[in-house]
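S.K.: Kindly produce the complete structure, drawing on both the sequences and the hints.
Number of protein chains: 2
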Amino acid sequence: MSRTVAIIGGGVIGGGWLARFLLNGWDVKLYDPDPEAGRKIEAVLSNARHALPMLYDSRLPVEGRLDISDTLVEAVAGVEWVQESAPERRELKHDILMEIVAHAPTDAVIGSSTSGFTPSDLQSGIDRPERIIVAHPFNPVYLLPLVELVCSKHNPADVMEKASEVLVSLGMFPLHVRGEIDAHIADRLLEAVWREALWLVRDGVATTGEIDDAIRYGFGLRWAQMGLFETYRIAGGEAGMKHFIEQFGPALKWPWTKLTDVPELTDDLVETIASQSDAQSGRLTINELERLRDNNLVAMMRALKARDSAAGRILNRHQKQIAAPTAFTSGRPIETVSRVIPIDWTDYNGHMNESRYGQVFSDAADAIMIMIGADESYIAGGQSFFTVETKTAFLNETMAGDLIRVETVVMEAAGKKLRLRHRMLDADGGDLASCDQLLIHVSLDTRRSSPPAPHVEARMLELAAGHADLARQAE
Amino acid sequence: MSRTVAIIGGGVIGGGWLARFLLNGWDVKLYDPDPEAGRKIEAVLSNARHALPMLYDSRLPVEGRLDISDTLVEAVAGVEWVQESAPERRELKHDILMEIVAHAPTDAVIGSSTSGFTPSDLQSGIDRPERIIVAHPFNPVYLLPLVELVCSKHNPADVMEKASEVLVSLGMFPLHVRGEIDAHIADRLLEAVWREALWLVRDGVATTGEIDDAIRYGFGLRWAQMGLFETYRIAGGEAGMKHFIEQFGPALKWPWTKLTDVPELTDDLVETIASQSDAQSGRLTINELERLRDNNLVAMMRALKARDSAAGRILNRHQKQIAAPTAFTSGRPIETVSRVIPIDWTDYNGHMNESRYGQVFSDAADAIMIMIGADESYIAGGQSFFTVETKTAFLNETMAGDLIRVETVVMEAAGKKLRLRHRMLDADGGDLASCDQLLIHVSLDTRRSSPPAPHVEARMLELAAGHADLARQAE
Numbered sequence: 453m454s455r456t457v458a459i460i461g462g463g464v465i466g467g468g469w470l471a472r473f474l475l476n477g478w479d480v481k482l483y484d485p486d487p488e489a490g491r492k493i494e495a496v497l498s499n500a501r502h503a504l505p506m507l508y509d510s511r512l513p514v515e516g517r518l519d520i521s522d523t524l525v526e527a528v529a530g531v532e533w534v535q536e537s538a539p540e541r542r543e544l545k546h547d548i549l550m551e552i553v554a555h556a557p558t559d560a561v562i563g564s565s566t567s568g569f570t571p572s573d574l575q576s577g578i579d580r581p582e583r584i585i586v587a588h589p590f591n592p593v594y595l596l597p598l599v600e601l602v603c604s605k606h607n608p609a610d611v612m613e614k615a616s617e618v619l620v621s622l623g624m625f626p627l628h629v630r631g632e633i634d635a636h637i638a639d640r641l642l643e644a645v646w647r648e649a650l651w652l653v654r655d656g657v658a659t660t661g662e663i664d665d666a667i668r669y670g671f672g673l674r675w676a677q678m679g680l681f682e683t684y685r686i687a688g689g690e691a692g693m694k695h696f697i698e699q700f701g702p703a704l705k706w707p708w709t710k711l712t713d714v715p716e717l718t719d720d721l722v723e724t725i726a727s728q729s730d731a732q733s734g735r736l737t738i739n740e741l742e743r744l745r746d747n748n749l750v751a752m753m754r755a756l757k758a759r760d761s762a763a764g765r766i767l768n769r770h771q772k773q774i775a776a777p778t779a780f781t782s783g784r785p786i787e788t789v790s791r792v793i794p795i796d797w798t799d800y801n802g803h804m805n806e807s808r809y810g811q812v813f814s815d816a817a818d819a820i821m822i823m824i825g826a827d828e829s830y831i832a833g834g835q836s837f838f839t840v841e842t843k844t845a846f847l848n849e850t851m852a853g854d855l856i857r858v859e860t861v862v863m864e865a866a867g868k869k870l871r872l873r874h875r876m877l878d879a880d881g882g883d884l885a886s887c888d889q890l891l892i893h894v895s896l897d898t899r900r901s902s903p904p905a906p907h908v909e910a911r912m913l914e915l916a917a918g919h920a921d922l923a924r925q926a927e
Numbered sequence: 453m454s455r456t457v458a459i460i461g462g463g464v465i466g467g468g469w470l471a472r473f474l475l476n477g478w479d480v481k482l483y484d485p486d487p488e489a490g491r492k493i494e495a496v497l498s499n500a501r502h503a504l505p506m507l508y509d510s511r512l513p514v515e516g517r518l519d520i521s522d523t524l525v526e527a528v529a530g531v532e533w534v535q536e537s538a539p540e541r542r543e544l545k546h547d548i549l550m551e552i553v554a555h556a557p558t559d560a561v562i563g564s565s566t567s568g569f570t571p572s573d574l575q576s577g578i579d580r581p582e583r584i585i586v587a588h589p590f591n592p593v594y595l596l597p598l599v600e601l602v603c604s605k606h607n608p609a610d611v612m613e614k615a616s617e618v619l620v621s622l623g624m625f626p627l628h629v630r631g632e633i634d635a636h637i638a639d640r641l642l643e644a645v646w647r648e649a650l651w652l653v654r655d656g657v658a659t660t661g662e663i664d665d666a667i668r669y670g671f672g673l674r675w676a677q678m679g680l681f682e683t684y685r686i687a688g689g690e691a692g693m694k695h696f697i698e699q700f701g702p703a704l705k706w707p708w709t710k711l712t713d714v715p716e717l718t719d720d721l722v723e724t725i726a727s728q729s730d731a732q733s734g735r736l737t738i739n740e741l742e743r744l745r746d747n748n749l750v751a752m753m754r755a756l757k758a759r760d761s762a763a764g765r766i767l768n769r770h771q772k773q774i775a776a777p778t779a780f781t782s783g784r785p786i787e788t789v790s791r792v793i794p795i796d797w798t799d800y801n802g803h804m805n806e807s808r809y810g811q812v813f814s815d816a817a818d819a820i821m822i823m824i825g826a827d828e829s830y831i832a833g834g835q836s837f838f839t840v841e842t843k844t845a846f847l848n849e850t851m852a853g854d855l856i857r858v859e860t861v862v863m864e865a866a867g868k869k870l871r872l873r874h875r876m877l878d879a880d881g882g883d884l885a886s887c888d889q890l891l892i893h894v895s896l897d898t899r900r901s902s903p904p905a906p907h908v909e910a911r912m913l914e915l916a917a918g919h920a921d922l923a924r925q926a927e
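These protein sequence lines map, in sequence, to chains A and B.
Counting along the first sequence from 1, when you hit position 393 you're at 845 in the numbering used here, and nothing is skipped either side.
Counting along the second sequence from 1, when you hit position 258 you're at 710 in the numbering used here, and nothing is skipped either side.
Each hint can be trusted.
Note: identical chains are not told apart, hence a pair may lie in one copy or across any two.
Subject to a maximum C-alpha distance of 35 Å in a straight line, what follows is the list of computed DSBU-like cross-link-like pairs (lysine-lysine):
(1) K492 to K772
(2) K492 to K614
(3) K843 to K772
(4) K694 to K492
(5) K772 to K869
(6) K772 to K614
(7) K843 to K869
(8) K868 to K843
(9) K868 to K772
It is worth saying that the hints were derived from the structure and are not from the lab.
In this text, all values refer to a predicted model and were calculated from it rather than measured experimentally.
M.R.: Pasting the structure below:
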């Protein structure tokens with residue numbers, strides 16, 4: 453049975469909510485007085501339909517139905533949840549929430565996306581305020597899990613329970629903010645950084661681009677997986693969180709920001725932080741936390757490397773500088789791969805996943821392609837090789853951090869056809885796997901087979917001739 | 453020819469520098485008066501040797517030689533670079549830098565890891581200060597690329613050029629901080645967040661764990677790839693950066709942080725930010741930036757998903773909630789995979805990489821394993837199936853975002869042996885690839901073949917019997 457939500461306000465945030473609900477199978481009714489709302493929603497939905505399903509290794513539920521309502525009253529009729537994402541003006545939000553309360557079912561959750569106002573503030577002067585809560589999401593709402601949930605003393609417990617259940621079912625992380633405070637938690641931190649960044653730009657210390665680089669090549673990567681306190685817990689080392697705070701305490705007295713109002717580090721406050729940090733991360737030793745952090749960093753940085761973006765672009769540039777070229781000696785197999793097994797290729801126990809054997813052999817074929825002149829610029833010119841068949845034998849296991857090599861023999865080179873045999877070896881020369889691979893030269897315009905360029909064909913034949921004896925022995 | 457660096461101070465930061473140089477092929481001489489220095493360095497090196505090589509798809513250079521020097525004078529003799537990472541006390545750093553200048557080669561770069569002091573401050577009172585610069589890295593130094601490079605008016609241009617060249621060769625990102633300021637750039641932002649976070653804990657609004665969750669499930673993921681301003685540029689939408697600042701300007705007047713000293717948003721400042729943002733990101737439209745952001749987020753969140761950590765753990769929990777169970781009907785192939793192709797499985801042009809066909813077929817086999825009772829708890833109990841051979845035919849291409857399905861036929865089930873045939877289909881039922889896969893039941897203790905448990909064998913036989921006709925047709 454489908455569930456229905458009303459989205460009031462279809463801007464970037466409202467549109468993000470709409471997409472999150474719709475792609476999780478909810479029916480959605482949108483109300484937005486902007487005549488352009490439909491077009492704007494389609495733009496957000498197009499982004500969300502591109503990105504959200506890719507997060508999962510199984511299919512999302514069948515998309516719900518989207519209706520655009522002519523009035524707020526029509527939109528909120530009979531729904532289970534109303535999400536208000538109007539502009540951040542107190543009077544406007546008040547008027548809208550009052551109308552929602554008047555017309556929505558009495559048991560519907562009424563969430564406000566406000567980044568600044570407290571629930572008490574939103575509820576004041578409204579007759580039945582008990583279903584109104586703050587449900588503050590983060591852009592892009594269809595991807596980021598965080599939702600700050602805040603209630604006031606007027607909200608009964610069941611509203612928060614209901615809200616949490618719904619948000620979890622949408623794949624989100626409801627964070628119960630226990631104290632009412634302007635801007636909740638995240639935006640207070642963001643605002644502090646924003647103010648300091650404005651000073652840096654104003655004083656000419658750094659440009660916007662330099663500030664972004666200072667974030668994304670450094671602490672941004674740490675914060676994406678651990679946040680602030682767990683990161684610092686590691687910095688404190690075995691001496692612990694108390695030691696860290698005491699060590700860094702003096703900096704609070706220094707003019708390290710333009711924002712110099714600071715809390716006093718009383719014994720009580722130090723004790724509070726240390727014990728909260730124990731509760732949060734105390735199940736792991738510092739060394740276990742370091743490994744957790746490092747494995748997460750490696751996995752995220754490799755994800756960016758595959759995108760050639762941010763820190764990943766720096767890795768690719770460095771790899772080009774240090775990679776040894778593949779060498780060919782007649783009568784000897786070609787060493788086409790030499791590397792360690794990265795953490796993102798392994799299961800929880802550290803064994804390399806079966807499918808990554810294929811990755812290694814595909815990389816080995818790429819090395820051969822570069823050797824014969826079918827390199828990046830050749831591919832950019834519209835020609836390449838496609839693999840049409842592989843036969844792989846899995847002989848032994850290998851683990852994260854293990855060194856592996858691949859030795860490749862050119863078994864056959866004839867016209868469009870290139871046949872390779874790869875052997876994957878461990879550091880001691882033991883066999884891990886083997887792969888027979890048939891590649892066909894193709895035109896990337898027609899996506900059909902085609903003869904290789906003369907210089908590529910000549911080089912194919914040269915390698916095959918140099919490997920003729922090896923190939924005969926291997927058949 | 454090997455290059456040599458002196459590491460002065462072997463704590464967490466000095467040790468991280470040491471690992472970064474050593475694993476990039478430099479010889480390293482360490483001086484640290486702490487008698488425990490050797491042991492501490494081994495701990496950092498063990499982490500670094502685990503993590504750094506996994507970032508790359510080719511091998512790092514051969515590790516350099518590590519010597520522990522008895523004196524600073526011995527350590528700095530004949531080196532190309534000296535990195536000082538002493539505790540953050542001005543007099544101590546002064547004394548050490550003075551001794552380094554007296555004994556290091558006159559053309560060596562002398563980098564200080566100070567997070568707070570300016571180069572002018574470090575150089576004052578030192579006779580030949582022109583080789584001393586700030587080179588401030590971020591923990592873990594062996595993984596994070598950022599180094600803040602700061603010079604004073606005493607430094608000739610060639611020191612900064614030399615320093616940049618070396619840092620880039622180590623895979624790092626040297627950020628030239630153009631103005632001298634206490635705490636440079638990144639630590640000013642960190643300090644602002646730290647102060648606000650301390651207030652939140654002190655006032656009982658949030659615990660350390662809640663603050664970390666507010667960061668890592670929300671803006672931390674954004675900052676890991678874009679930073680602050682580029683993220684906000686997107687939030688401004690087509691109306692642009694100026695619009696965003698004007699819209700969010702009023703919040704600067706509100707008590708959204710405890711840190712209430714704020715720069716005035718003059719027309720000049722707004723113009724400066726808008727034009728710097730254009731210079732930084734103006735080559736891309738807002739929609740292009742949105743796609744860049746979303747693709748990076750998807751790739752990073754999927755990397756965390758594979759680690760079952762941070763935001764990735766939330767994804768896994770949600771996927772379990774929404775995944776449909778695999779169903780079996782006698783006489784019909786089993787739908788073992790139904791999903792879209794994620795961005796991290798594709799090349800720059802969006803085509804699925806060859807090796808991911810193997811991933812899909814490996815996932816299909818996992819679905820069969822679960823159906824026959826060889827599930828997580830069975831594997832935890834020490835038994836599983838290993839793939840020993842696959843034969844894959846690549847028939848057509850598929851792209852990021854495309855919906856695919858796999859239909860699997862159980863071709864043979866006999867004792868330890870399970871033979872599957874998978875067909876990968878596009879949304880219209882067109883063939884993309886096929887795979888014959890031979891699996892053997894194994895004991896995970898001996899890593900050798902063994903007979904399956906009776907309930908697993910019974911289920912294997914049941915599926916094979918139900919597929920007998922399909923298998924005959926397919927042979």
